[in-house]
Structures are given as structure tokens and as C-alpha cells.
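One-letter residues, chain by chain:
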Amino acid sequence: MDNDRIDQIIDKHQCEASSLIQVLLEMQRENHWLPKEALERVSEKLQVPLTRIRHIATFYKAFSLVPKGRHEIHICMGTACHVRGATRVLDTVQDLTGIKPGETDLESKFSLETVNCLGCCALGPVMEVDGKIHGHMAPSKTADVIKNYE
Amino acid sequence: MPRINSPEELEKVRQEIVSRRDPSKPCISICAGAGCMASGAGEVIAAFKAEIEKQGLQADVNTRETGCPGFCERGPVVVIYPEEICYLQVKSEDVPEIVSQTIKEKKVVDRLVYVDPTTGEKATRESDIPFYKNQKRNIIGSNIKIDPKSIEDYLAIGGYSALAKVLSRMSTEEVLEEVKKSNLRGRGGGGFPTGRKWEESRNAPGETKYVIVNADEGDPGAFMDRALLEGNPHSILEGLTIGAYAVGAHEGFIYVRQEYPIAVENVTIAIKQAEEYGFLGGNILGSGFDFTVKVHQGAGAFVCGESSALMTALEGRAGEPRPKYIHTAVKGIWDRPSVLNNVETWANVPLIIHKGADWFTQFGTEKSKGTKIFSLVGKINNTGLVEVPMGITLRDIIYKIGGGIPGGKRFRPILTVTSAEICGIDPNKVLPTACAVELIHSYSLVHDDLPSMDNDDYRRDKLTVHRKFNEGMAILTGDALLTKAFELIAENSKITGISEKKIVEVIKIVSNASGADGMVGGQVADTFLVSKTHTDKLVNYIHSHKTAALIKASVLAGAVLAGGSEKEINALKNYGEKIGFAFQIADDMFDVKKDRVNYSDIYGTKKSERDTNRLIDEAKKSLEVFGSKKEILSLLADYVVTRKN
Chain A
1 MDNDRIDQII
11 DKHQCEASSL
21 IQVLLEMQRE
31 NHWLPKEALE
41 RVSEKLQVPL
51 TRIRHIATFY
61 KAFSLVPKGR
71 HEIHICMGTA
81 CHVRGATRVL
91 DTVQDLTGIK
101 PGETDLESKF
111 SLETVNCLGC
121 CALGPVMEVD
131 GKIHGHMAPS
141 KTADVIKNYE
Chain B
1 MPRINSPEEL
11 EKVRQEIVSR
21 RDPSKPCISI
31 CAGAGCMASG
41 AGEVIAAFKA
51 EIEKQGLQAD
61 VNTRETGCPG
71 FCERGPVVVI
81 YPEEICYLQV
91 KSEDVPEIVS
101 QTIKEKKVVD
111 RLVYVDPTTG
121 EKATRESDIP
131 FYKNQKRNII
141 GSNIKIDPKS
151 IEDYLAIGGY
161 SALAKVLSRM
171 STEEVLEEVK
181 KSNLRGRGGG
191 GFPTGRKWEE
201 SRNAPGETKY
211 VIVNADEGDP
221 GAFMDRALLE
231 GNPHSILEGL
241 TIGAYAVGAH
251 EGFIYVRQEY
261 PIAVENVTIA
271 IKQAEEYGFL
281 GGNILGSGFD
291 FTVKVHQGAG
301 AFVCGESSAL
311 MTALEGRAGE
321 PRPKYIHTAV
331 KGIWDRPSVL
341 NNVETWANVP
351 LIIHKGADWF
361 TQFGTEKSKG
371 TKIFSLVGKI
381 NNTGLVEVPM
391 GITLRDIIYK
401 IGGGIPGGKR
411 FRPILTVTSA
421 EICGIDPNKV
431 LPTACAVELI
441 HSYSLVHDDL
451 PSMDNDDYRR
461 DKLTVHRKFN
471 EGMAILTGDA
481 LLTKAFELIA
491 ENSKITGISE
501 KKIVEVIKIV
511 SNASGADGMV
521 GGQVADTFLV
531 SKTHTDKLVN
541 YIHSHKTAAL
551 IKASVLAGAV
561 LAGGSEKEIN
571 ALKNYGEKIG
581 FAFQIADDMF
591 DVKKDRVNYS
601 DIYGTKKSER
611 DTNRLIDEAK
621 KSLEVFGSKK
631 EILSLLADYV
641 VTRKN
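Chains as they are written, first to last, in the working numbering: chain A, 1 to 150; chain B, 1 to 645.
Because the hints were derived from the structure by calculation, they are not lab data.
Predicted model only: the values in this text are computed from it and were never measured.
Every residue gets a Cβ at the ideal spot worked out from N, C-alpha and C, and that includes glycine.
Hints may contain errors.
[Claimed, not checked] For each label pair, taking beta carbons as the anchor points, the in silico distance ranges come out as:
hint: 1; chain 1: A; residue 1: 4; chain 2: B; residue 2: 11; range: 48 to 54 angstroms
hint: 2; chain 1: B; residue 1: 272; chain 2: A; residue 2: 147; range: 39 to 45 angstroms
hint: 3; chain 1: B; residue 1: 122; chain 2: A; residue 2: 147; range: 36 to 42 angstroms
This is chain B alone, in the form it adopts within the complex (with noise of 0.2 angstroms):
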């Protein structure tokens, strides 16, 4: 490939680039980053060369290997185009149906594309998805339409454009006022306004000046800065080509973690291109302007992303940070001025540039402008990546895009809690009693696994009870949680506002949903009638008294501590019996016992998620009563069926 020297050359190769590409050629583009790798998507990239060779379509379907598009959660994740179909979790024994079904016969596979917990309703298309669709992804949004590894991609998708219009049509003091004007502040997590950052080095005195990219990624559990550096290595050198000519440095470096091995090759592999190019060197694109970029190595020490340490990293010492009276902008590397930004603040600037100012601070709060990306990791059901507007809450993050909190372990003293509150009392008032509850559930799982029981070794990936210690201390175990639990309950009396009678009336509920009418007899239906034949009848029991019982005793014990009255304490036990119901239904979904009564075994799948999506309506429908203090009741309806486990 020649030198691109001026910017009309440049839209003549894009120019040249897209038309070369027919848009409605089948594409399917497979996630190559990091998080995909790991769940096996190097298996199913070979699974389909191999197919697509076999099936004899090598020049009828192109193939890409991207960035990552942020939904780790359920990777390996393919997408194809130009119908933009979304599968996930895809495997390669999956591949020759795909290629068959959806690149020959246009047909989509409907056990891959995306199923909402919630409705049941398929999305095929990425942007149908709600993880993406309550994202605003200008950066990360790019990722899944590049291979990273190819410049041309990035050109057809107007790469470089933003380059092109900073050295040819504005002046370094126009490029700085743009940035300054948008209002961009430092995506490492300082907050620093970028475009004064960038003025202070520009300022300072010294002939030689350095830009730099902090990707020393090191905070557990973020890895936004890895997956622009893999996806989009060239927004990075567009953004810090940009920055450079606007403070008047003529060297920059990218500072890595080489824990990340493929950001490492895929910038080395970006910078040789663009020299190639000539977006990076001597004179780029005819303007006069000099610029080389060198890719640093971290070597494992977290220390090394503050600035000061990292500079000293960069110069071939042991990276330890250093006091800045001065700013590392005015006194850097080899005491120079020197601008650090971070990766993701880097990947804003061609986008400020090219769409202007005006645009990138529609997004955001009044003081701090644009989208951020974050990463979703830990105890959420919706891992990955997921880039929003600044200013959203954590409630939207979690609830909308992350999909909730997993777990349901500690589901019935939030429902204590939670129906305490929205009856008017401090919900710390009812803590004993929705710990009570929480042992009682405890106790009942103990007894459960034992061999005469469900005989189950493992819970939650740990050994259960009997099988750690012994039965006898399984069955003692038990017995000591249940009656602790009414011990609990008769302390919650010592806490002001509580009187004695709502104890002895929360006891008589709880007791009465732990024993034989409530969680007792339906587990002794469950386990020793149902060899014989099930009525609708016996069904009906079970999934009233197992395990709704006792969620309905949770909901309505707080409520009864706070001293409801009797119109929200019936609607709560109305809600309580719905979404106890759809609890068990739900749980029969996706756990499959031998000799036991399963709903979506003896009336389909089809029919249980009908059933557990009117139930939650019903409960839901039933809060109607307390108006918008019903929000987190309502989320919790929805968790019932949205859980993992």
C-alpha cells in the first residue's frame, strides 16, 4: 500500500475501500476479544473457516474477527451481517447450522439469538438486545464492526477523518478549543478537564513534548481500556496523533500491561499499518507534521498507572511514583512536559472532532459531558461492557442493562425489609425477623439435601452439611436454625414501636408457613405422593405450600411488624402468594429433579412461562395501593423469574 499524502487521497482510498466491499454480502463477525477467547472462540472462528470451506462458500461470506462488543456475559458472541443477526453462547458444533440455515437459506437459528427473561420474547437483532439498547455506545459500539488487526476496516468505517480535518483545515489553538469546549474530562478516573491538561503542556516550556496513553489497566475487575486497545487500536493513535499536534509533541508512547497480551499485539500491529499508511512518521498526510508512537511494556506492578510512576516506568527505572509539585504535564518524562490520558479519553477525541463539540456534550450532566464506559463484573447477571451517558444511575446500570443481582440466597429478608418500608417503619426495625425468616429458609435446605431427602452432595458448589460433617449434625444443624429463628423473632420485640401482639401474630404466620399447612406438608407431598398419579389438585399444593408459603410469610411478617393497614396487608399477601407461586414454577424451569413434582415437566415450558408472567403481573398489579413507593417490590417481582439460581 503507497503513502497516503494528502487528505483528498485518503477519501479516495476509503472511497476506493468501500466500494470494493458489497454491503449486502453475508459477513459473520465473531468476537475475538480476550473474554470470548477464553469461553472457546478461537474453536468456533476455526469451526466456521472449516465450514464455510466445506460448504464451498468461500467467495460468497466474508469473515471477521472483532473487538469485543461488551456482552461477555454470553459470549462467544457472533453477529452477521447486513441482517445484523445476534447469536450468543454459540459453540462450534453450532457453526454448520448457522452456515446453512442462516447464510444459504437466510433463516435465523432461533435457539441462539437472545430470549428476555422477562416477556419470553426473542431479539434477533444486536440492537434489540435491552443490555445494548439502554446503552448509548459511541466509543465501544465501533468494536463489533472491525477487525481490529485491519486498517481498511477502520478507513470504511471513516477512519482517520479526524486526523485529516485537524491538519488540514485547524490550527493547533482550534484543536484545543474544540476539545476544551466539549468539556471532555480524564476517563482514568482523576476527572481532569482534558483540554486544560493538554493547554498546560502546550504552554510549558521545552521544545520536546511527549503524549502518552495510560493502559495500565490494573484496578480489579476493569477491563474497559483492554477492549478498546484490542477492538479499535487505530481510534487510540487517531486520538493521540490528534493530541499531539495540538500540544506540539512529536512522540508518543503506549503504556501496557503485557497482562494483556492481545492489546499488545493488536497497537503493535496498528502502528506498523499507519506508518505504512502514513498516518504515523514524517509528514503525515502532506502536512508537515512529524509523529511516532513506541508501545511500552508494564511488567506487572500496579503502581505504575499513576502518572508519575509511569513516566519513570517509560524512562527504564523501577516504576515508583515521585511527589508532583509540578504536574507531570509541565515536568514529565525525562522532566518534559508530557501529556497522559487515559485510553478511553484518547477514543473520544476523534469522535469530538469529527461530529464537533456541540454534539458530544448532548450526552452527559451539566459538568461532566460524553458516555462512559463501564465494566459490569462481580455479582450481576449481565457481565461485560456497557458504555452509558454520564449521570445515569446505578439503579438503571444494575437493574435495566446489568439485568439484576444474581443469587436469590437472601431474597426472603429483602422482602421482610422491603414490605416493612413500604408500610411506613425504618426497615432496620424488622432486621431480626427478616434474619429469622433467612434461617428458616436455611434450615429447610440442610434437611433437604440429606440422604433420605434429595440426597444431594453438593450445594451451591459447596459440599452440603451431612456430607461435610456428618447426618446427625445436618439433621441437629437444622433443627437449631428453626428454632433460633423464633428466638430472633421474639427479640424484634425489644425494638421500639414493636409491640408484643405483632410478635405473637408474625410467630403465628411464620410458624404456620414453616409447619405442616405451609412449607412442611408441601415438601411431604412433594416427596412421598407424587410416585403415584398428580392431580391439578396435588400440584396446585405443592407449589402453594413448598417454598411460596414461607416467601409469603416474609412479605407479610414485615408488613405486620410495621403495622399496615388492613388494605395494604392484603395486598402484600396477595402479592406475596403470586410471586411464591411463580418462585417454584420459575425454580422447576431450571432445575430438574428426578421423582419430584415438576410444573414445566407435566405442562410444558410454554405453559409455565405463561403462568409465571401472569402471576407476576397479578403481583404486581396488586401494589397498586402504594403508589410509587411499589418500585423496588416491583423489581423484585421481576427478579423472581430474571434469577439465575
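The following block holds chain A by itself, in its conformation from the complex (with noise of 0.2 angstroms):
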């Protein structure tokens, strides 16, 4: 992520340290993770001390400080979804990319992550891939959303 780019979205938000999870949300959003040298930049920016800034990149779910998968997909294990199958749909995703949650495969194809609610609970289970939500899911239909992306 270039320096020019973390500066604007600094700017946006009025260079205020007090809108530092923000400016890591928009980064996060655009660039997928969050490299050391962008840390580093708006630490400097809006003189955070970096401690506090890893803290926070560590502590938010949201954040990522390795690099993503081009398709992000987020499992909902929450409790609708779970009584529903959940966890079938998980194995099944598991099985056809090989990684396990918090995981990017090699190819950088797919990252995976489980979540605890989406609020679309009346469509559970529910998977979410690159921001779009499939309701309903049952193994077999898991494999044919996965098939999609390339």
C-alpha cells in the first residue's frame, strides 16, 4: 500500500488519533491486510506509538497482518446458523480448499474465517463470500458457490 494512498485516508478522517480504528478499517477494506511499513506510516502520521497501533490491529477481529486470499470467506457459526448445520457447511468448505479458519491457501485463492453473526439469521446457515451472503447452505450447494470463484 502506497504512502500516498495511507496519507489521503489520514486526511479524511481529519488526522485525529482518535480516528485511528478507522483509518485501519478503511485500509484494512482496501488493501486486505495490513503490511508493517503502512503501520508504520500512520503511526507517524498521527503520532500513535506503533505498540498501540499493534494492539489494536491485534486485538480488532477485522484486521489482518498477513496478506489475504483473493476471496475472503466468512462461515457464520452463530447460534442460528449453528442449529441449522453450521458446522456441516464448515467442514465441507474445509475439505474443498484444504485450509482451516484464519487460513490462506497456497495458490492465494481462498482465506477463511468464521464469524459469529451476520444478522441474516432467517437465511442460515449462511456463508459470505467477498461481501456477498449465500443463505441456506447445505453441503452440496457449498461446493457449487465455491466452484465459482476463480
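Hints in hand, dock the two standalone chains.
Written as C-alpha cells, this is what we have:
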């Protein structure tokens, strides 16, 4: 992530240290992960110690300090999805991609994460790929969805 | 749009908006909430736009993308005004028909309206659907009427009039008193009286104070706040501004999870619009009161829903909770007085001001007033959001609004347990027998799926036993379940009050219902005799044996073990027979198997529906002898036709 873009994002938030989380969120959204150099830039610009930035980047689940795959799969493990068979969906995705939650495959195609509720409980079990929500997932349907990503 | 500088100007603008709108002009409202979007509402919206253009109706009809009306189970939901025709589970293929039939010809497309699963009656209007009819939708009811991205829509339904009233005619004390009088309690779960929280902040030392919306709704299964923030963001802003006025705050925050992108988008747009119109910013409505609001997105930490953690996160730090020896209302963000209320709490505020505390207190219980939104999720038929008066029973929510519990898997043991209870003994005493009938039911499913029978690979989304293991294992599993069942019934004699004589009788009833004179007999007829001609007599035989026999036995077993009187046992025998038969007809209606006798194929859906309804009525009538105790069995009879699998 180049410094100009980082500066733009920081400027958008009026260079306020209290906007740190909002700045990191925007960087995460654009770049899909937070490289060390980028965090150093933020630290410099906002005058916030790097240790505090790393504290935040490791505390909140939305941030990643390692590169992510091209497609991010989120599987909802919230109660409503759980009782409707979310574990079976997770098992199927693990089998298909060969990765566990928190991991990225060697080709950087998929990253897999579990989340605790996406608020689409009526459609459970739910799987989100790159922000698109797929509802009523059954193992066979899961495979159909995953197949469509390159 | 120029700024609005006084309450009088606001009324003028409102009248102008309303007068520009022709109430008789058709308007198609499509839910664009997260639930419906995930069920394909995006495609439906695009299809409506394309079809209206294709038919050259752009000038004659409006479309509106609204927030969530709550009936997520049947999404995408489409409501057509002014007739308020409600179409459910609409697909893009249905759109051309809706436009040419309903918009042009004013005809209802029958297959898309709600059909009551019990009575078979159709409900065309939203307000006639039982799911909605039994609710009290003070807050969430507005969602389907407005496009959350349009401030004009909010103004057209009277939006910001509570704010105008507060700023022009009420002192800060009067606002506080009204909220205290309403007895509104925090909707986030703690139930702390909102007025008292406001007062604490108001009286706390310090010039700078804050008001905050807690939209970090992270509890799994809950999406009430999401629906409000997505569907009616201006109502939250209006409530927040009124709160700010009452406590003397000039800055506000909305803390919303980044997992709710539509909510973030809609509330950000709403803030911008409110600033343009002068409902936020400096000198609001010419009153001299200043107030600004910022959106802060949560970065995925469940704990940030807790007030002190949320405030720490707002300061730009890791959201870790801190001890609260002093309430955050006194020492919150940057140690300044901060009022944090849940989204739904804020949504109630404009209503209380607009309609008065006396209006608000007519709903709810003595200690908790108003309505509450709940999300119904998991194993329930009508998933979605419901708004009900405080104090409603769970039973009413689950059965009257939620449509009951799906599944049917444990239907038979529930019958045994309930009929024992209704005949006057502790239902726990018949649990072994209740389990036994379920084991017999399970064995019949395992054997039914075998290649020589129905040859099914999946049952309820899982591989069948012979597919997961092998055929031999499946046969043995069935045998083992069947024999274990009788062992369990025999074991039931060890429980006090259940004599061996009763056990012997139950073994006879259950074995008779399972064997050649019952279930097996029905299966033989169904599997091997149908390919020839089927007579009414044969159909009748199959339907009273294949599934019905064991259901009847499940009911009877409970009654016999409980030592029911002859009258009670006869009533339950009759009840069991009727619901058993109805169960089989209902099964046929949603599960069509090749080469099997299917009631609805032979006699048609109309007769099938009529017959099930008649049988259920008769079953319920035979329960009269039990008086008010009959309720659960009566609900179970309804469940036979309303269940989904």
C-alpha cells in the first residue's frame, strides 16, 4: 500500500488519533491486510506509538497482519446458523479448500474465517464470500458456490 | 434543498412533499434489507425497473426500496400500494406478471399471496397475515413505508415533527419528564430506565457531554437494531437529537459494526441529508441548539457492545472494558458524561414525544412499558423480526406469530408425554416409552431408505445409513432399534406407579401398531400393491396404517400408562386416529414419491386440504372431555398441517 494513499485516508479523517480504528478499517478494506510499513506510516502521521497500533490491529478481528487470499470466505457460526448445521458447511469448505479458519491457501485464492453472526439468521446457515451472502447452505450447495470463484 | 429554519417551515415543506405525491398512484415497495437482499431482492428490484420501462409505465408507477418489514422467512417481500397487496417470496420471473396483472389490471396474482397453512385462506393485505396481525408494530411498522435513503419519505410520514415540538415548545426539563413518565427502559438488555440515565448525565458536572447510539449488535441471532438502522435511520437520528437536547450534549456518536455495511451506508447518508435540511448541525430549526453526529465503525470485537469498552473504542483504542465504579453516564468518553442507549431505545423517543407518554404506557406491563422487537430465529417456522407489547408470553410469540416449531422428528414422543400428562401423571414417568416409539419411527426410516424400498441417498440433508455405512449395517441398525424399543418399554415398569399390567398392554398396543396389522401392513400395501389399480379402500387402508397407526399408538401408550379412564382413552384413541390420517395426507402434499399412493395426486389438492382440515377439527373436538387441559394436544393437532417437514 503506497504512502500517498495512506495519507489520503488519514487526511479524510482529519488526522485525528481517535480515528485510528476508522483509518485502519479503511486500509484493511482496500488492501485486505495491513503491512508493517503501512502501520509505520500511520504511526508517524497520527503520532501514535506503533505498539498501540499493533495492540489494536491484533485486538480487533477485522484486521489482518498477514496477506489474504483473493476471495474471503466468512462462515457464520452464530447460534441460529449453528442449530441449522453451520458446522457441516464449515467442514465442506475446509475439505474443498484445504484450509482451516484463519488460514490462506498456497495459491492465495481463498482465505477462510468464521464469524459469530451476520444478522441474516432467517437464511441460516449462511456463508459470505467477498461480501455476498449465500443463504440456506447445504453441503452440496456450498460446493456449487465455491466452484464459481477463480 | 435549502435549510429548514423553523418548525413552521418544516410543516410547509412537509405539506409540499405530501401534496406532490398522489396517494392513488401505484407504488411498488420492495424490501432491500439484508435478509431479502441475500434472498435475491437485488435481482427483483432490477427486474421491476426493467419491466416498468419495457411496458412504458415510468410515469404511472413508483418503485421504492425499503427497509426490513420483518418477515424474512418469506423474502423477498413486495408490497404494492395503495391497495397494500403483499407478495411473498417474489422471484424476478414473477415480475412481468405482477406489473401487467396488478399494476395495469388491478388484479391480484393469487399464487404469490400468503396462504394460511391451517385454514387455507389467502391473505392479500399485509395486515391480514397472522404473522403481522398478532404484532403491535409501533416502531418497525414504518420500515416498509419509507426508502431509508430518502429523507422526504421520512418527512412524509411525519418525521422530525417530534424534534420540532421539542425545540420549539418544550424545555429540556419537560423532555426529560416526559421520557421518565413513559417509563421507557433500555432495549439493549439491561433494562435500565432511560429517563434516569439521561438525568444522571444531565446533572453530572462538566460542560461537554455526549450521546451515543449503541449499534454494536453482536449477539448471535439478533438483528433488530440492524433492521431499524438500515430501514429507518432518520428515526434514530431524531431520537438521538432529542436526547442530546435533554441532557445538554452537542456531539453524538453512532457506534455500528462494520459487519452491517447497509446500516453503515444508510445512516451515513441520513446524517448528510439531516445536515443539509438543518436537522443536524448549528442552530437546528432556528432554535439555537447545535448538535453533530459521527459514525464510528466497530472493527469486529464482541466485547465492544459493553458500554465502557464501546467508549474506549470510540476514543480510538482497543475496546477493553474498564471497571464502572462510576456510571459511564457520569464518566464516559474521555471521562465526560456520556449517555449510551441502544438503537431501539432511541427509536422509541420520537414516538413518546410525538404521541405522549400516556400513549406509550398503554402498551406493556406495569413495570415495563411499550413494545419490544424480537428476532425469531433457529428452529421456528416464521423466522424474522416481530414487535410485540412487553409482557407477551413466549407461547404466543412462538405459536401465534412464529407459526410453531418445525421438524416433526420428535412429534411421536411429544404425543406420548402429553397424553400421559393430560391423563394426570408426571410426564417424566413415561419417557422410556416415549423414546421407544421414536426408536421404532427411526428404524422404519432407516429401512425405508434402503435400495429395495425407497432407495434414498439423503434424509434431511444427511447421507442415509446404508449410504454412509452399508446396506447390511442399515438392516441391522433397524433391527436393533426395533428390539431396543421394546426393551425400553419393559424398563418403564421400574418406575413407580406404572404396573406391569399396563406395560404388557402398551407392548401389545405398540407392537400391533408397528407390525403386520399396523405400519408394516401399510408399507406392504404401499410398496407392492399400488402399481395395480388403487381403490378407495386400499388408499384408506394405507393411510390409516403406514404412518397413522404408530401415531395413534404413541398417543394411546401415554394414556394407558397414566391409567386414563375409559372415556379419556377413547377420546385419545379417536384423536390419535384422526391426526395420524391427517399427518399422512399432509405428508403426501409436500413429498411426492414415484410409485407410491399419493392422496393429493389421486383426489387433488383441494380435497386433500379439506380432508386434513376436517380431520384436525374432529381430532380437536374429541379432546373436549379434557377441558382447558387440552391446549397442547390441540396445538399439536394444528402443527400436523402447519409443519414443514
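For each hint, the structure was consulted:
no. : hint                                : in the structure
1   : A:4 <-> B:11: 48 to 54 angstroms    : 49 angstroms, holds
2   : B:272 <-> A:147: 39 to 45 angstroms : 41 angstroms, holds
3   : B:122 <-> A:147: 36 to 42 angstroms : 40 angstroms, holds
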